[in-house]
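Trainee: Line by line, the protein sequences are chains A and B. Counted from 1, the first sequence has number 405 at position 368 by our numbering; the numbering is strictly sequential. Counted from 1, the second sequence has number 133 at position 81 by our numbering; the numbering is strictly sequential.
Simulated from the structure, these hints should not be mistaken for laboratory data. Please note: incorrect hints may appear among the correct ones.
Quick list of the computed label-pair ranges, beta carbon to beta carbon [stated by the list, open to error]:
hint	chain 1	residue 1	chain 2	residue 2	range
1	B	T201	A	S83	45 to 51 Å
2	B	T201	A	K289	45 to 51 Å
3	B	K99	A	D175	32 to 38 Å
4	B	S334	A	W170	38 to 44 Å
5	B	K99	A	T227	20 to 26 Å
6	A	P152	B	K281	53 to 59 Å
7	B	V273	A	P242	38 to 44 Å
8	A	G402	B	G187	34 to 40 Å
9	B	G187	A	T154	31 to 37 Å
10	A	G402	B	S98	52 to 58 Å
Per the computed footprint, the stretches of chain A lying under chain B, defined by three or more beta-carbons under 8 Å from a beta-carbon of chain B, are [to be verified]:
hint	segment
11	107 to 119
12	126 to 138
13	262 to 269
As a list, the in silico DSBU-like pairs of lysine-lysine whose alpha-carbon atoms are at most 35 Å apart [what the hints assert, rightly or not]:
hint	chain 1	residue 1	chain 2	residue 2
14	A	K289	B	K70
15	B	K243	A	K202
16	B	K243	B	K280
17	A	K292	B	K70
18	A	K202	B	K69
19	A	K202	B	K70
20	B	K99	A	K297
21	A	K309	A	K343
22	A	K300	B	K70
23	B	K69	A	K292
24	B	K311	B	K300
25	B	K268	B	K291
26	B	K280	A	K289
27	A	K297	B	K280
28	A	K297	B	K70
29	B	K243	A	K292
30	B	K99	B	K62
31	B	K99	A	K289
32	B	K243	A	K300
33	B	K336	A	K289
Ideal Cβ positions, reconstructed from N, Cα and C, are used throughout, including at glycine.
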Amino acid sequence: MAIVEQQNRVLLQGNEAIVAGALAAGCRFFAGYPITPASEISELLSVKLPQLGGTFIQMEDEIASMGAVIGASLAGTKSLTATSGPGFSLIQENLGYACVAEVPCVIVNVMRGGPSTGLPTSPSQGDVQMARWGTHGDHPIIVLAVSSVSDCFSVTVKAFNLSEKYRSPVIILSDEVVAHTREAVTIPDTEQIRVIDRIAPGVPPEWYTPYAENNRGVPDMAAFGDGYRHHITGLIHDDRGYPTQNTQEIEKFYKRIHGKISKGFQEIQVTKTHLMEDAEIFVIAYGSVARSALKAVRDARAQGVKAGLLQLITLFPFPRKCVDTYLRQCRVVVVPEMNMGQMSREISRVNQADCRIVKHNRIDGRLITPQEILKHLTTV
Amino acid sequence: MLERAEIIRKEYLRHDKKFPHVWCPGCGNGIVMGALLRGIHVLNLSKDEVVLASGIGCSGRMPTYVDFNTIHTTHGRALTFSTGIKLAKPELTVITVMGDGDATAIGGNHFIHAARRNIDLTAIIINNSTYGMTGGQYSPTTPFGSQSTTSIYGHVEHAFSIAELAVTAGASFVARGTVYHATHLEEMIQKAIKAKGFSVVEVISNCHVQHGRRNKLGGAVEMITSFKKNAVTVGKAAKMSPEELEGKITIGVLTNVKKPLSTEQYQRVIAEARQNVEKNASEKEKNGIKRYEE
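Isolated chain A, as found in the complex (with noise of 0.2 Å):
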């Protein structure tokens, strides 16, 4: 994967740097089903987790895909699947399953445009919803985004750190721009990367309650084979993991799942600013169009305009505190998105502080340019 090879710094792809981020992070399990702009995760991995004792496997279909990555996390190994839009659609039926049943992994959708087969292969945020509430039924998730080859790196060790600590999937949304750029990048040296691993049950087989509540309300989680010898279903359960269709225990499962995410806001939440400090004018975004971003608030600055960029690296829970303040402190935000506004319409949702919220949607299947954002900050 690399080419220059001087002091970790290397000239990557974004899917090659997820595929290193992913890695980095301990992940030893991928199964995927090909499809583009998502399929040199795939190719590379197939080389690159057999040299570390991993397995890869190409599945039949993406539902296939799915269910092996939530196997073979049971089994006690960190797994990860990609895939685009259409790919997308088939998780959906067990990523719910992973939610319900709290098992960590890690799903990359790498935009293109949509619905159906749409448009192979051009970039677009059009899953942005569909990440947040694309399986059925009330479910925690995480949804991170990249913008940049580095990104795909740090966001993808993320990801598996905070799928591990949460027992939640985690959805990583990259886009067509950014899987296939490549950029020069500083990989860190092993020891500098943080990895988190799931807690193991710290008590003997006769006394592991697989679902019981903590303070953290995220339960420790034995592997298969361990001699735990406990159940997973799909179903509601109580803290034995068995079916249940007592009310109580129906309501605090529901309560525990979707608190467990609320307890680590704080930690999930991740934001960047850039010019903040004294902005009157400023931009929210994330993915690929988060550069474009960047150059036009730089640009706006030499010609005298105040104005900020609030990027989002995770995408849900959405960052609401974090938008809001700065909500407060500014008279208008624009909000580019290749999409219809997926995203402005959660920033319309917690905008209690009379902000004009200026929509930009670029549908055409091509990258919002610095200057299309640029024209919105000098004229409004």
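Using the hints provided, position chain B relative to the given structure of chain A.
Mentor: Okay, now just chain B, sitting in the frame of chain A:
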């Protein structure tokens, strides 16, 4: 015999689970579960090393009741979960129990690919010719002309022969049994678990509540004894004409072949990949290039 039944009851059932189970009186699922537990007991497998996975439907509840590593997955997808478990921990014995609709309708694609792939898994498919849990709709194994809640004018489609489908898709071990022939079934399951590769046991079972009642096949006793009447062994079936075999149930081992296991082949891939890494590293060191890891 009684003594063994007592051991199995004590050793293999989860007594802290909220029994009674969900199955109707007379259901064949319990007979299959009994045969499976006796088979595992005879094979002397450690409970810690056994994984029992299931899909959705009446058969899907089986893992809840037994004291192994158990998983109740999504409808039709059980084999995909089992594939992941087996690949991550090849030392585990992974058994997947499914129904006919589960394995061959919604899970049909996973089923044929698992057979083609030849990972060391055992699939037990309880075929009762209907979707029992949802109220008796027609399934891929509902006979032509039968009544079901979605074919009250008589079923217009043709049924799958699950065991033959498995043979054609490449499964290395395929057997068929019935819930009448409980001892024979136990033997078939034992053989399937022991056989390396993807093994399938199709079990002809009764859903007198949904399928039997609507097709005047009688209650549990009548349906189960009809399996006795209609069963012919593989050896005997080979000498019979297709006309004579009409309505018969061929029981026994349909195929048992040795094929390279994809899991074993993958160990070779790992060894080769590791060798390449070492070779490249030593070459680069010679040339004075710093190595980029992961």
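Trainee: Run every hint past the structure and note whether it holds.
Mentor: A quick look at each hint next to the structure:
{"no.": "1", "hint": "B:T201 <-> A:S83: 45 to 51 Å", "in the structure": "holds (46 Å)"}
{"no.": "2", "hint": "B:T201 <-> A:K289: 45 to 51 Å", "in the structure": "violated (36 Å)"}
{"no.": "3", "hint": "B:K99 <-> A:D175: 32 to 38 Å", "in the structure": "holds (35 Å)"}
{"no.": "4", "hint": "B:S334 <-> A:W170: 38 to 44 Å", "in the structure": "violated (52 Å)"}
{"no.": "5", "hint": "B:K99 <-> A:T227: 20 to 26 Å", "in the structure": "violated (38 Å)"}
{"no.": "6", "hint": "A:P152 <-> B:K281: 53 to 59 Å", "in the structure": "holds (54 Å)"}
{"no.": "7", "hint": "B:V273 <-> A:P242: 38 to 44 Å", "in the structure": "holds (41 Å)"}
{"no.": "8", "hint": "A:G402 <-> B:G187: 34 to 40 Å", "in the structure": "violated (46 Å)"}
{"no.": "9", "hint": "B:G187 <-> A:T154: 31 to 37 Å", "in the structure": "holds (36 Å)"}
{"no.": "10", "hint": "A:G402 <-> B:S98: 52 to 58 Å", "in the structure": "holds (56 Å)"}
{"no.": "11", "hint": "107 to 119", "in the structure": "holds (count 9)"}
{"no.": "12", "hint": "126 to 138", "in the structure": "holds (count 3)"}
{"no.": "13", "hint": "262 to 269", "in the structure": "holds (count 8)"}
{"no.": "14", "hint": "A:K289 <-> B:K70", "in the structure": "holds (19 Å)"}
{"no.": "15", "hint": "B:K243 <-> A:K202", "in the structure": "violated (42 Å)"}
{"no.": "16", "hint": "B:K243 <-> B:K280", "in the structure": "holds (21 Å)"}
{"no.": "17", "hint": "A:K292 <-> B:K70", "in the structure": "holds (23 Å)"}
{"no.": "18", "hint": "A:K202 <-> B:K69", "in the structure": "holds (29 Å)"}
{"no.": "19", "hint": "A:K202 <-> B:K70", "in the structure": "holds (31 Å)"}
{"no.": "20", "hint": "B:K99 <-> A:K297", "in the structure": "holds (32 Å)"}
{"no.": "21", "hint": "A:K309 <-> A:K343", "in the structure": "holds (17 Å)"}
{"no.": "22", "hint": "A:K300 <-> B:K70", "in the structure": "holds (32 Å)"}
{"no.": "23", "hint": "B:K69 <-> A:K292", "in the structure": "holds (24 Å)"}
{"no.": "24", "hint": "B:K311 <-> B:K300", "in the structure": "holds (30 Å)"}
{"no.": "25", "hint": "B:K268 <-> B:K291", "in the structure": "holds (31 Å)"}
{"no.": "26", "hint": "B:K280 <-> A:K289", "in the structure": "violated (49 Å)"}
{"no.": "27", "hint": "A:K297 <-> B:K280", "in the structure": "violated (55 Å)"}
{"no.": "28", "hint": "A:K297 <-> B:K70", "in the structure": "holds (28 Å)"}
{"no.": "29", "hint": "B:K243 <-> A:K292", "in the structure": "violated (46 Å)"}
{"no.": "30", "hint": "B:K99 <-> B:K62", "in the structure": "holds (13 Å)"}
{"no.": "31", "hint": "B:K99 <-> A:K289", "in the structure": "holds (31 Å)"}
{"no.": "32", "hint": "B:K243 <-> A:K300", "in the structure": "violated (50 Å)"}
{"no.": "33", "hint": "B:K336 <-> A:K289", "in the structure": "violated (57 Å)"}
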